[in-house]
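Q: One line per chain: the protein sequences are A and B, in this order. Okay, so the first sequence: first residue is 30 according to the numbering used here, each after it adds one. Okay, so the second sequence: first residue is 186 according to the numbering used here, each after it adds one.
Honestly, the hints are just simulated from the structure, not real lab data. Among the hints, a few may not be true.
Chain B residues, not near chain A, derived (Cβ > 10 Å throughout) [as the list claims (entries may be wrong)]:
#1 Glu-231
#2 Thr-274
#3 Pro-275
#4 Leu-276
#5 Glu-277
#6 Val-279
#7 Asn-281
#8 Leu-282
#9 Ala-283
#10 Leu-284
#11 Ser-285
#12 Trp-286
#13 Leu-287
These stretches of chain B come out as covered by chain A in the derived footprint (C-beta under 8 Å, 3 or more residues) [as the list claims (entries may be wrong)]:
#14 204-211
#15 234-243
Fair warning: this is a prediction, and the values are worked out from it, not measured in the lab. Every residue, glycine too, gets a C-beta built ideally from N, C-alpha and C.
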Amino acid sequence: MTAVNPIEVDGGPGGITAHLEDLRVAAAQIARVADDIGHLAIELHAVLLDPALLTSAGLDPIGAGEVSAAIFRATDGPGGVTALALRGASLALALRASAARYEAVDDLTRLAGPIPELIRRLPMAAAETTGVVTMSGAGAALQHLVTRDPQLVDVAVSTLAALLTARATPAAAAELARQFPDGHAAVVALGADEAGDALGPPRSLRDLLSGVDRRRAGQSGEIDVRLLIRPGAPGTQRHVVVDIPGTKSWSLAAHNSDVTSIATNLRSLAGERTAYEEGIELAMRRAGVRPDDDVVLLGHSEGGMVAVNAASRFAQTGEFHVSRVIAVGAPISATVDRIPRSVQVLALENAGDVVPHLDGQPNPDRPNVTMVTLHHDHGDVGRNHGLTESYLPGATDVAASADPSVRAYLGGLAPFLSAATVQTQRFLISRTYR
Amino acid sequence: MTSVLDPVELGALARRVDGCADELRGRARGLLLAASVTRWQSTAAEAFRRQASDLATAIRTSAVDVDAAAAALRRHGRQVEIVESAIATPLEFVANLALSWLGG
Numbered sequence: 030m031t032a033v034n035p036i037e038v039d040g041g042p043g044g045i046t047a048h049l050e051d052l053r054v055a056a057a058q059i060a061r062v063a064d065d066i067g068h069l070a071i072e073l074h075a076v077l078l079d080p081a082l083l084t085s086a087g088l089d090p091i092g093a094g095e096v097s098a099a100i101f102r103a104t105d106g107p108g109g110v111t112a113l114a115l116r117g118a119s120l121a122l123a124l125r126a127s128a129a130r131y132e133a134v135d136d137l138t139r140l141a142g143p144i145p146e147l148i149r150r151l152p153m154a155a156a157e158t159t160g161v162v163t164m165s166g167a168g169a170a171l172q173h174l175v176t177r178d179p180q181l182v183d184v185a186v187s188t189l190a191a192l193l194t195a196r197a198t199p200a201a202a203a204e205l206a207r208q209f210p211d212g213h214a215a216v217v218a219l220g221a222d223e224a225g226d227a228l229g230p231p232r233s234l235r236d237l238l239s240g241v242d243r244r245r246a247g248q249s250g251e252i253d254v255r256l257l258i259r260p261g262a263p264g265t266q267r268h269v270v271v272d273i274p275g276t277k278s279w280s281l282a283a284h285n286s287d288v289t290s291i292a293t294n295l296r297s298l299a300g301e302r303t304a305y306e307e308g309i310e311l312a313m314r315r316a317g318v319r320p321d322d323d324v325v326l327l328g329h330s331e332g333g334m335v336a337v338n339a340a341s342r343f344a345q346t347g348e349f350h351v352s353r354v355i356a357v358g359a360p361i362s363a364t365v366d367r368i369p370r371s372v373q374v375l376a377l378e379n380a381g382d383v384v385p386h387l388d389g390q391p392n393p394d395r396p397n398v399t400m401v402t403l404h405h406d407h408g409d410v411g412r413n414h415g416l417t418e419s420y421l422p423g424a425t426d427v428a429a430s431a432d433p434s435v436r437a438y439l440g441g442l443a444p445f446l447s448a449a450t451v452q453t454q455r456f457l458i459s460r461t462y463r
Numbered sequence: 186m187t188s189v190l191d192p193v194e195l196g197a198l199a200r201r202v203d204g205c206a207d208e209l210r211g212r213a214r215g216l217l218l219a220a221s222v223t224r225w226q227s228t229a230a231e232a233f234r235r236q237a238s239d240l241a242t243a244i245r246t247s248a249v250d251v252d253a254a255a256a257a258l259r260r261h262g263r264q265v266e267i268v269e270s271a272i273a274t275p276l277e278f279v280a281n282l283a284l285s286w287l288g289g
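The whole structure should be built from the sequences, with the hints applied where relevant.
A: This is the structure in structure tokens:
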């Protein structure tokens, strides 16, 4: 049996924002109940003043007195309907106040970001790092420090961005991106992935991630569109997975035909449209993806950022129906907020992976964004970010989780994991400056 | 002979009060449902659910008091009917006598 590492889950339908929504809905329902009970108190008071009761008192004064006393006790007594309406209203008010307090604390935690946690951990991390410097040199020590505490990268990046541009990280990224023109996408069809398709359709989250790993091993700018065919009557909704690998070129040249280069990273971080995203759109059209197909965009690293941005824009244009995004080791905190609630996002982040921290802030807690922290530490920046070394085994950990947010996400993914056959079309996206 | 008060009106009034009791029971159920659907888990959440449950119990108790008020109204209605018929019999005798004097 494969060993399963523990995971932590934030956000999603089991996250704090979802709970806050529950509290607000419950408060509104209880307020309505209290309001209804208040109206019943008015109704019972009206019975006391009804002309039939007043007139009948002349014929049976004792009986009429008993009726008045009974209604008065039920309405205005210590446990009467009027008092209950007030108790209900107070309960609703207390619940609303609780939701507001939770939200304030959550916002405060988000504003403070990783700094309090770092202050707690820094002495230990520093002591460990000093030991590594002595034994292995400064490079290994830095690697040890950032893989041990990737949140250091959040602070470093946000501080650096603020120092360089006096702006928050996404705005700073957008400003830096002006140095790297993005151009336009050129898309070439590379044909079917017969070797990949021979392995059969995906049956698990790990199988899905294996698809993007195969594309990562290909050329720079290579993506694929997997059409999952399920048995059923003609007209049954089709399911499609688009695999979007990450950065292959770290060149600082201003002009670069590699669509995965730094120009895409900086723009994607800021939520801007990129040539890479344009290429994905063109490839999906060429692959024959229809507006009624159910689509998952699956991106690793930079590919995850591009996937989130593309899903937001497809929701606006309506050209493709993206119901799900899987962002693997991707810095998406600044952009995932813009994604519509109809799109369910699964964000996988390895605890020792620095890349998801390059946006300088923690991910927001949203009911449609399930964030899973995996634990596969290899003490190496590259391997901690690697699909094969960290995220494929992490997908097995996720599948074993009983967390309600994770179960809800995987439940929605089920139609993508039950196809009879798969047809994968590969495309090469490059950047042109026409 | 027309009565001073139509006892049907008191019956309708009793049914209105019955309706209020039923409404209260329905609201108690609604309150418990609203409290149970939240996924909120904490000491405060438990305290909230306890308060909601206490309030629902109090609403159901209050519905019993309203039932008692409806029952009192029905008793009163029956008593009014008895008194009205007791008054009506001698009145009818006097009215018939007067008619025989006047027109034979």
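Q: Counting residues of the stretch 234-243 of chain B with a beta carbon closer than 8 Å to any beta carbon of chain A, are there 3 or more?
A: holds (count 4)
Q: Are all C-beta atoms of chain A more than 10 Å from that of Leu-282 (chain B)?
A: holds, 24 Å
Q: Was Glu-277 (chain B) rightly flagged as not at the interface, with every chain A Cβ beyond 10 Å?
A: holds, 17 Å
Q: Using Cβ atoms and 10 Å as the threshold, tell me whether Val-279 (chain B) really stays out of contact range of chain A.
A: holds, 19 Å
Q: Say whether it holds or is violated: Thr-274 (chain B) keeps its Cβ farther than 10 Å from all Cβ of chain A.
A: holds, 15 Å
Q: Just double-check Leu-276 (chain B) for me: nearest Cβ-Cβ distance to chain A has to come out over 10 Å.
A: holds, 14 Å
Q: Since Leu-287 (chain B) was said not to touch the interface, does its Cβ keep a gap of more than 10 Å from each Cβ of chain A?
A: The assertion about Leu-287 (chain B) holds, with a minimum of 30 Å to chain A.
Q: Regarding the assertion that Pro-275 (chain B) does not contact chain A, is the least Cβ-Cβ distance greater than 10 Å?
A: holds, 15 Å
Q: Taking C-beta pairs only, is Ser-285 (chain B) more than 10 Å away from all of chain A?
A: Consistent with the label, Ser-285 (chain B) stays out of reach of chain A, its closest Cβ about 29 Å off (over 10 Å).
Q: Does the no-contact call for Leu-284 (chain B) survive, Cβ to all of chain A over 10 Å?
A: Fine: 26 Å to the nearest Cβ keeps Leu-284 (chain B) off the interface.
Q: Please confirm whether Glu-231 (chain B) is truly not at the interface, meaning its C-beta sits more than 10 Å away from all C-beta atoms of chain A.
A: holds, 13 Å
Q: Does Asn-281 (chain B) really sit off the interface, with its C-beta more than 10 Å from all C-beta atoms of chain A?
A: holds, 23 Å
In summary, this structure violates none of the numbered hints.
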